[in-house]
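**Q** Spelled out, the chains give:
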Amino acid sequence: MDAPTNAIESAAARGPATERRNVLLRLRVNGEDAEAYVAPYKTLLEVLREDLGLTGTKHGCELGECGACAVLLDGEPVLSCLELAVQCEGRAVQTIEGLARGAELHPLQAAFADLGGSQCGYCTSGMVMTAKALLDRDPAPSRERVKEALSGNLCRCTGYQQIWESVEEAARALRMEKQEAKP
Amino acid sequence: MNAPEKPRQKTRFDTIGKPRRRVDGRAKAIGQQRFADDLVLPRMLHAKLARSPHPHAVIESVDVSRARAHRGVHLVLTGADFPVPYGIMPVSQDEYPVARERVRFVGDPVAAVIAVDEQTATEALALIDVKYRPLPTIASPEEGLANPEPRIHDYGEQGNIHRNQSYEFGDVEEALAQSDRVFEDLFFYEGNTHLPMEQQASLASIEGDGKLLLETSTQNPHYLHRQLARVLQMPTAHIRVIATANGGGFGGKCDPGNHEFVVAKAALMLGRPVKICLTREEVFYQHRGRHPVLMKFRTGVTKDGRLTAIHLQTLLDGGAYGSHGPASTFYTGVLTPVTYELPRFKFEACRVFTNKPACGPKRGHGTPQPRFGQEVQLDKIAEALGLDPAEMRLKMVTKPDSLTASWLRVGSTGLAECIRKVVEMSGWRARRGKLGPGRGLGLACSAYMCGAGVSIYWNKLPHSAVQLLLDRSGQVTVYCGATEIGQGSDDVLAGLTAEALGIDPVNVRVVTGDTGITPIDLGSYSSRVTIMMGNAALQAAARVRELLATAAAEALDTLPDRLVFSQDRVFAAEDAGKSMSFVEAIAAAEAKFGTIASVGSYAPPKPPGKYKGAGVGPSPAYSFSACVVETEVDPVTGWVTVPKIWVAHDIGRALNPILARGQVIGSVYMGLGEALMEEQAFRRLPPKLSSALVHRNPSMLDYKSLTSLDMPEVEVALVEEPDPNCPYGAKEVGQGPLLPVMPAVANAIYDAVGVRIDEVPITPDKVLAALARKAKGEAPRVGPESFPGVPYPQATFVLPPWEGGDGNELKGRKAA
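In order, the protein sequence lines correspond to chains A and B. Going by this note's numbering, 120 is the number at position 120 of the first sequence; the sequence numbering is gapless. Going by this note's numbering, 593 is the number at position 593 of the second sequence; the sequence numbering is gapless.
Hint data in this document are derived by calculation from the structure and do not stem from the laboratory. Here the structure is a predicted model, which means the values were calculated and not measured. For every residue, glycine included, the Cβ atom is placed at its ideal position computed from N, Cα and C. Please note that a few of the clues may not be correct.
Interface residues of chain B toward chain A, partial, derived using beta-carbon atoms under 8 Å [stated by the list, open to error]:
| no. | residue |
| --- | --- |
| 1 | I30 |
| 2 | D38 |
| 3 | L268 |
| 4 | R280 |
| 5 | P560 |
| 6 | V668 |
| 7 | S699 |
| 8 | S708 |
| 9 | M711 |
Result set (PhoX-like, lysine-lysine): computed pairs, CA atoms no more than 20 Å apart in a straight line [to be verified]:
| no. | chain 1 | residue 1 | chain 2 | residue 2 |
| --- | --- | --- | --- | --- |
| 10 | B | K380 | B | K296 |
| 11 | B | K704 | A | K147 |
| 12 | B | K644 | A | K147 |
Beta-carbon label-pair distances, calculated as ranges [what the hints assert, rightly or not]:
| no. | chain 1 | residue 1 | chain 2 | residue 2 | range |
| --- | --- | --- | --- | --- | --- |
| 13 | A | G75 | B | E391 | 53 to 59 Å |
| 14 | B | N507 | A | G75 | 36 to 42 Å |
| 15 | B | R696 | A | R143 | 31 to 37 Å |
| 16 | A | G64 | B | T236 | 38 to 44 Å |
| 17 | A | R143 | B | K395 | 38 to 44 Å |
| 18 | B | R34 | A | G75 | 24 to 30 Å |
| 19 | A | G53 | B | R429 | 56 to 62 Å |
| 20 | A | D138 | B | R431 | 31 to 37 Å |
Throw the hints in and build the complete structure from the sequences for me.
**A** What follows is the structure, given as structure tokens:
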């Protein structure tokens with residue numbers, strides 16, 4: 001039998017339902033090519049955590065209710081627990097692990113660490129990635145806009161306030177960076 | 001020589017009180033923090049639990065042969081594999097890792113499958129055949145009182161009563177009879193759950209030396225360690241428990257969990273690593289959260305608004321197991337006298353078993369319920385007497401260094417200052433009652449303990465211990481069994497150690513929550529960590545500082561008690577030019593004394609009360625909080641909006657103000673959720689589906705909690721009245737600020753629309769029902785209408801300190 005060429009084809013070419021066969025999945029993860037043979041029923045969340053070892057992305061419900069698993073898929077925030085991995089074939093995924101610039105924290109990460117945006121840290125990855133999507137689109141969001149953008153991400157520790165403050169501080173830092181980068 | 005003790009009286013700080021990135025902040029921000037389910041080991045297997053669909057049934061047989069034969073299944077465990085019961089409290093050892101003869105709630109585990117992956121294990125669950133003989137379901141405490149049979153457990157006070165107790169401090173009926181007014185009110189507090197973002201997960205493995213390792217999301221590795229040894233019948237020292245960073249706890253990871261014993265046993269039997277992660281639905285059934293409590297307050301006052309006596313009765317819905325229930329039962333009353341001067345106090349409490357997930361400790365453990373009742377009742381009393389609720393409270397706050405009627409020692413208190421702060425910040429005097437239709441302000445106060453004065457199992461041992469190891473490389477490593485659950489305990493440990501040694505906290509390596517390496521700390525509960533671990537850390541630091549000072553003094557030609565440790569250097573106090581680096585000081589001390597290490601430990605002071613039961617409630621210190629909530633109530637929908645909350649918390653000293661503020665706002669958030677929406681409620685399935693009693697909303701979508709859009713801005717004032725029993729004066733901050741929020745919301749709703757909602761959560765349907773009653777001219781109130789006849793026992797009678805008592809029970813003094 002020929003080796004499957006991509007995830008969708010191999011899923012389709014799979015044997016009887018009882019037969020477990022992994023399928024080849026290729027993604028672009030944090031700017032690098034990644035490929036793995038994965039169980040076809042797995043979600044993007046499961047593939048990231050279990051097959052690619054990227055455990056920075058968390059799960060709180062695996063039903064799309066809590067936002068802990070948010071990642072960027074082609075730049076858009078998605079709940080990775082609701083994405084079937086094979087449907088992400090060939091797409092670009094950004095996770096919390098891909099945000100820092102080398103050893104230097106991304107301004108969102110620095111602000112969350114410094115300003116109390118993260119307590120237990122379990123919602124942090126999803127919060128930071130969702131906030132990243134917001135700031136990519138709106139570099140100077142109002143408080144209301146921040147609250148709205150993060151309303152699908154639950155946090156049980158902070159009461160959100162220091163998260164809003166962290167996002168706003170990161171937005172300021174990013175705007176400064178942009179200014180300084182101008183000739 | 002007392003120089004080494006001096007650092008504990010420090011008033012000028014390098015680190016303490018300054019906003020600082022927490023020591024684990026970086027790892028969390030980059031996704032590097034390893035939670036239990038992030039751990040992976042070679043040859044790891046996965047476990048799933050089969051759970052009972054019946055709320056109450058006898059297990060007639062369990063046939064696991066088909067599951068065992070399923071491809072990829074390595075092991076199936078049943079109750080037969082676990083003959084020894086466990087329970088967090090010595091008096092409630094009533095749970096088995098897998099049920100043996102009886103299931104007591106929907107969700108009780110009846111078997112466990114260990115398989116090559118989760119998918120296979122889940123498939124095999126469907127192949128387990130369990131024959132049940134259903135028993136009548138006890139759905140509420142009232143049903144439990146009315147139906148002593150069938151008994152859910154064969155132990156307890158009688159029938160389905162788990163705990164039943166009564167205490168009286170001074171003659172309460174006499175005091176009530178002599179009061180100008182007596183107010184009688186009923187309140188109900190619905191149960192709710194912790195909902196930590198992280199589902200419980202555990203990984204058991206056998207280390208190279210053949211010993212068991214359990215890495216698990218637990219708040220209490222020490223208690224779990226003891227229970228593992230008991231259940232597995234192994235020497236405790238052959239078991240190592242590592243508390244992984246908890247993705248939120250709030251009390252939900254205090255009890256040992258069935259899943260923890262299951263993976264431990266499976267790893268021992270298979271010689272392979274075994275992991276489990278509970279689903280979110282399972283976490284709802286694991287529960288151990290807020291007890292539903294029905295309360296009756298009879299409160300006597302003078303006409304100028306001073307308390308004369310309170311007779312408090314509580315009835316707790318305990319759920320299916322003991323859990324922390326004996327302590328929870330006490331906590332529905334014991335902290336009531338701490339906040340305001342109360343000459344006499346009677347407290348009766350009863351916990352009933354029901355066929356629901358067991359209740360246990362959640363943030364505030366047993367005290368938010370009576371706090372809600374007391375503070376709402378005070379609002380009613382103030383109104384009836386024509387007094388300002390803030391002024392009335394200010395006049396009767398407990399005094400520093402006083403005793404309560406129940407013999408608790410109140411040390412420092414900043415409550416009066418807290419009240420003044422929230423009154424000022426909220427514009428209380430100018431705005432209350434004047435905000436216009438549908439808008440209002442409400443105020444409430446509270447007190448909480450800084451660590452339980454007595455351990456969960458009785459002993460005379462330290463409650464926390466810290467080990468400190470320094471070497472010539474400059475490395476300072478601090479070891480403690482304390483458990484990071486997100487509250488920042490690792491940061492507290494690093495910050496205090498750094499301050500005591502005059503070094504930067506980034507130069508302190510923190511090792512915590514590992515029973516194989518770290519000295520024992522009892523765990524992250526009862527707001528005990530800062531105080532107990534902190535005091536142990538300061539003692540350990542003082543001891544190494546003494547060694548370093550002795551060596552450094554020689555090198556700098558001065559006396560040890562003339563040295564200042566600051567900014568990673570050691571200075572001669574009279575000549576800052578004479579100094580050496582901290583690393584050089586370590587090397588000098590190492591040359592002089594050998595390896596530099598120390599230990600410190602802490603046990604709380606002996607409580608003043610001597611009567612049986614006096615062990616619950618005492619604490620080295622109490623924190624105090626006051627809160628003002630603003631509400632807007634929509635009379636058409638009953639919807640309550642909270643635009644702003646002001647809160648002041650007497651923290652003693654804020655060690656890291658960023659974290660302290662975060663704990664306050666987080667507490668307010670959780671309290672507001674409890675006030676408005678969170679409820680762990682149950683329903684019967686339709687008869688065609690078995691009529692079983694099930695959780696009404698076991699998902700994060702249906703169990704409502706505040707989102708970012710619902711959360712108001714919170715203005716925080718930290719009142720710093722350093723407490724001499726606490727490390728650099730720092731009291732707790734993780735639980736206390738939750739307590740005043742719920743009653744302040746209820747009081748604000750009354751100010752807004754003139755209706756009393758005497759139960760939480762205060763949902764729009766209740767507000768509308770109360771408004772409808774008001775419109776019809778009926779009592780504008782929604783809340784419990786009656787209190788059942790509870791067979792409370794005869795009271796243990798103790799005279800208050802000011803009536804000539806000595807803290808002992810007065811036998812035969814008074815019939816109940």
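**Q** Please go over all the hints and tell whether each is borne out by the structure.
**A** Cross-check of the supplied hints:
1. The closest approach between the C-beta of I30(B) and any C-beta of chain A is roughly 6 Å, which is under the 8 Å cut-off, so the hint is satisfied.
2. Using the Cβ-Cβ criterion of 8 Å, the hint placing D38(B) at the interface with chain A is satisfied: the shortest such distance is roughly 4 Å.
3. Because the beta carbon of L268(B) sits about 25 Å from the nearest beta carbon in chain A, more than 8 Å, this interface hint is broken.
4. Checking R280(B) against chain A: minimum C-beta separation of about 4 Å stays under 8 Å; hint holds.
5. For the restraint placing P560(B) at the interface with chain A, the shortest Cβ-Cβ distance is roughly 37 Å, beyond the 8 Å limit, so the hint is violated.
6. The beta carbon of V668(B) comes within 6 Å of a beta carbon in chain A, closer than 8 Å, and the hint placing it at the interface holds.
7. With 8 Å as the threshold, the beta carbon of S699(B) comes within range of chain A, its nearest partner Cβ sitting at about 6 Å, so the hint holds.
8. For S708(B), the suggested interface contact is upheld, since its CB lies about 4 Å from the closest CB of chain A, less than 8 Å.
9. Among the interface hints, the one on M711(B) holds; its C-beta lies about 5 Å from the nearest C-beta in chain A, closer than the 8 Å criterion.
10. Distance restraint check for K380(B) and K296(B): the Cα-Cα separation of roughly 14 Å lies within the 20 Å cut-off, and the hinted pair is therefore satisfied.
11. About 17 Å separates the Cα atoms of K704(B) and K147(A), which keeps this hinted pair within 20 Å; it holds.
12. For the hint linking K644(B) to K147(A), the alpha-carbon distance of about 15 Å falls within 20 Å, and the restraint holds.
13. Our hint of 53 to 59 Å for G75(A) and E391(B) holds, since their Cβ atoms are close to 57 Å apart.
14. For N507(B) and G75(A), the hinted distance range of 36 to 42 Å is satisfied, since their beta carbons lie about 40 Å from each other.
15. Judged by the Cβ atoms, the range 31 to 37 Å given for R696(B) and R143(A) holds: they are separated by roughly 34 Å.
16. With their beta carbons about 42 Å apart, G64(A) and T236(B) fall inside the hinted range of 38 to 44 Å.
17. Take R143(A) and K395(B): their Cβ atoms lie about 39 Å apart, and the range 38 to 44 Å holds.
18. Range check, R34(B) to G75(A): Cβ separation about 28 Å, and the 24 to 30 Å hint holds.
19. A beta carbon spacing of about 59 Å between G53(A) and R429(B) agrees with the range 56 to 62 Å that was offered as a hint.
20. In this structure, D138(A) and R431(B) meet the distance hint of 31 to 37 Å, their C-beta atoms being roughly 35 Å apart.
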